[in-house]
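> Starting from the given sequences, assemble the full structure and let the hints guide the process.
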Amino acid sequence: MFRRQDPYSYIQSQTLYLNNADGSKQSIGILMTDYKTVLYNDVQVLTTGSADQPDEQQFILTCTQRILLKNPTNTSVTPIPVGSATQESFENYPALLTSTVSLTDQEGNAPDGVTVELLDYAPQTVNAAVQQNTSAGTSTGASTATSNTTGSTYSQSSTYGVSVTAGDTFAGATSSFEHSTTRSTEKSQMEQSGTSSDKQSSSSESMSIKDWGSYSYVNPLSQFPTWIFGQEVPWNAIDCRFSTGAANPNNTNQAEMYISQYMATNLFDGSFLYPPTELSMYGLNFVMKTVWRIRVGYSASTTVTLNHPISYYSASHALTVSNDVAVPVVYMDNAPATLYVQNPDDANLYVEPAVTLDLNVMGLDPIGVNNQVAIIGFIPTRFIPQVDASGQVPQGFRTLATTNDLMIDDTTGYAAGSSSGFVVSGTCLTASWSDTQDFPYQITLYFKIIDSVSEYSLQLKHWKTGTTGVKLTFVVNGDAGQTLVKYVDAEEGEGGDGNVLIVSLRDLDFSSIDYHDYLQLGLNSVSITMEPIDDAWSDCGYQIRAIAIEKS
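Residues in the sequence shown are numbered consecutively from 1, following the UniProt record's numbering.
Please note that a few of the clues may not be correct.
[Said to hold, decoys possible] Derived DSBU-like pairs (lysine-lysine); straight-line CA-CA distance at most 35 Å:
{"#": "1", "residue 1": "K25", "residue 2": "K70"}
{"#": "2", "residue 1": "K461", "residue 2": "K486"}
{"#": "3", "residue 1": "K471", "residue 2": "K461"}
{"#": "4", "residue 1": "K551", "residue 2": "K461"}
{"#": "5", "residue 1": "K486", "residue 2": "K551"}
{"#": "6", "residue 1": "K486", "residue 2": "K471"}
{"#": "7", "residue 1": "K551", "residue 2": "K471"}
The set of hints was computed from the structure by calculation and includes no laboratory data. No experiment lies behind these values; they were computed from the predicted model shown.
What follows is the structure in C-alpha cells.
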C-alpha cells in the first residue's frame, strides 16, 4: 500500500543538533521535509509567438518542511519548589527561529540554465493582537472609557494537503495543492463619556491569539522565502532589538535586552515570575510550504540541491533587584546558533540540512499512467543536451519518452579525454568500435512500477552494422545476480524476429519454469552494456531504433 502521490515524492526526517559550548552535539528537534515534483507542460498562449517554445523542461516542485524543536532545558510539568519567586529563573528556552529554503547546484552555486519562479508560499504573516481597556473617573463626576484593539488575528491549519493525482488509475497526470487559511483583521476604537458619582480607576491588559508570531519575506532576485518565527508574549523577541550589553551571569553568550513596561508586567506581577509561552517551555511545531515552477534548459542538469539552513536563538529571564525592588530582566543570544543534521554518508560529520533531487527522476510517470506503451525512439530533438548537427551525442546524454514514463541515461565509463561516443542518425542510436575505440558502451533505463500483478517486458528494435555480432548484458536494479546475456547477430531487415528482442522482466505464470520477477515497486533500472562478441573490436557496430517497456 502506498499513497497516490508517492511515485512523485520524497520524504525525509532528520534529527536536528545544536552545538554545545564544549563542542559536543545535543539533539534538539526534528526536521521533516516532503518534496513533490511533477513535469509541467506549459500550454498557455499569449500570441502567435507562443508556438516557438524554448528548449527547456518545466517542473512544479513543492517543498513542505516541518520543524519540531524542544526546549533543551525543560521537559517537566511538575511544580517547581522554591522559597520565593525571586529564586526562580527560566534559562535557555527557544525564543527566535529563522528558516530559509534555497536551490543550488551540487557545488552550492546558483545552477546554470535553471530559472526559478515562486508560485506560492505559506505562512506569510502570523502576529498577535493586543487589546487594552482603560477607564478613569474624577471627583467632578466625569468619566471616560477607552477600548483600543490593534494588530491582526490569523488562524491557519498546522498541516497542508498537497496531492499529486493522476486520475483513478494514474491516467492523465494532474496535480493539486490545498491549503486552508482563515484571516481576520481588527482595528477598533471606542470612546464614551458620562457622569458618575463614584471615583474609580482601573486598567487591564490582555494578549491573545498566537504565543509566537511568524513573518516572512522573499528575496526578489532568487525567489527564495525566509521565515522568522519569534515569541511575542510575555515579551516580544522580534520587537526587542536593543541590548544593554550586560551578559547573563549564567550564560555569557546571552546579553540583556531592553523590554517595554507592559512586557515587564507580563513577566512579573510583583509576586511571581512567570514562565515563557507554552511553546517556548515545551516545544515548537512549525510548518512551511513553498511551490516553485522550475525551468531547466536542455543544456543544464535537472539535478538540484535544496538547502534548509536554520538559525536558532535561545533566551532566558529572571528577577534582579534594582533599588530594593525586584524587576524582571531578559537575555537573548548575541548570535544565532546553526542547527545541524548528520551527514548520511558519515555519521561523525554534521552539516546544514540539504537534499539533492533529480527532477526528471522524481517527475517520471509510472508505467501505465498514459495507457500507452512506454517507448523511446531516438529522435535528436529529444536528447538532453541536444545533439549537434553532426549527429554526435554528448557524452552522458539523457533522453525521455514523449509520454514521460521512460528515461534513458548514457552511463558509459568514458576514459578521460575520450572524444568518441554514441551517434544519432536516421532516428537510430549507433555505437561503433574500432581498434582505437575498444571499450563497452552502456545505457541505463529508468522507469516506475506501481503494481505487483501485471507482467512487464523490455523490447528492443535493433541490429548489428558490422560483420561481428554484439553481446548485450542486462543488469536489473543493480543486482549482479540478475544478469542476463543476449547476442545480436542479425542485420537490419533480416526478418521481424531477427530485429526484435523481448526480455521478460516479470512472468507470473506459476506453472511455468520461467516464473520470475526482477522488478520492484517504485523506481527500477535496467543497465544494458554492449560490446563486440569475443572482443573483436575492429569491425563491429550496433544500432537501436527503439526501446520500450510494455505492460501486459
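> Quickly compare the C-alpha distance for K486 and K471 to 35 Å and report which way the hint goes.
holds (6 Å)
> Sort out whether K461 lies within 35 Å of K551, counting only the CA atoms.
Satisfied, since the Cα-Cα distance of roughly 17 Å is no more than 35 Å.
> If you draw a straight line from the CA of K25 to the CA of K70, is it 35 Å or shorter?
Answer holds: K25 to K70 is near 15 Å, not above 35 Å.
> What's the verdict on K471 and K461, does the C-alpha distance respect the 35 Å limit or exceed it?
The hint holds at about 15 Å.
> Would you mind confirming whether the straight-line C-alpha gap from K461 to K486 stays at or under 35 Å?
Judged against 35 Å, a Cα distance of about 14 Å means the pair holds.
> Are K551 and K471 close enough, with their CA atoms no more than 35 Å apart?
Distance ~26 Å between K551 and K471 Cα, so the pair holds.
> Can the restraint linking K486 and K551 be considered satisfied, given a maximum Cα separation of 35 Å?
holds (21 Å)
When each numbered hint is compared with the structure, no violation occurs for any of them.
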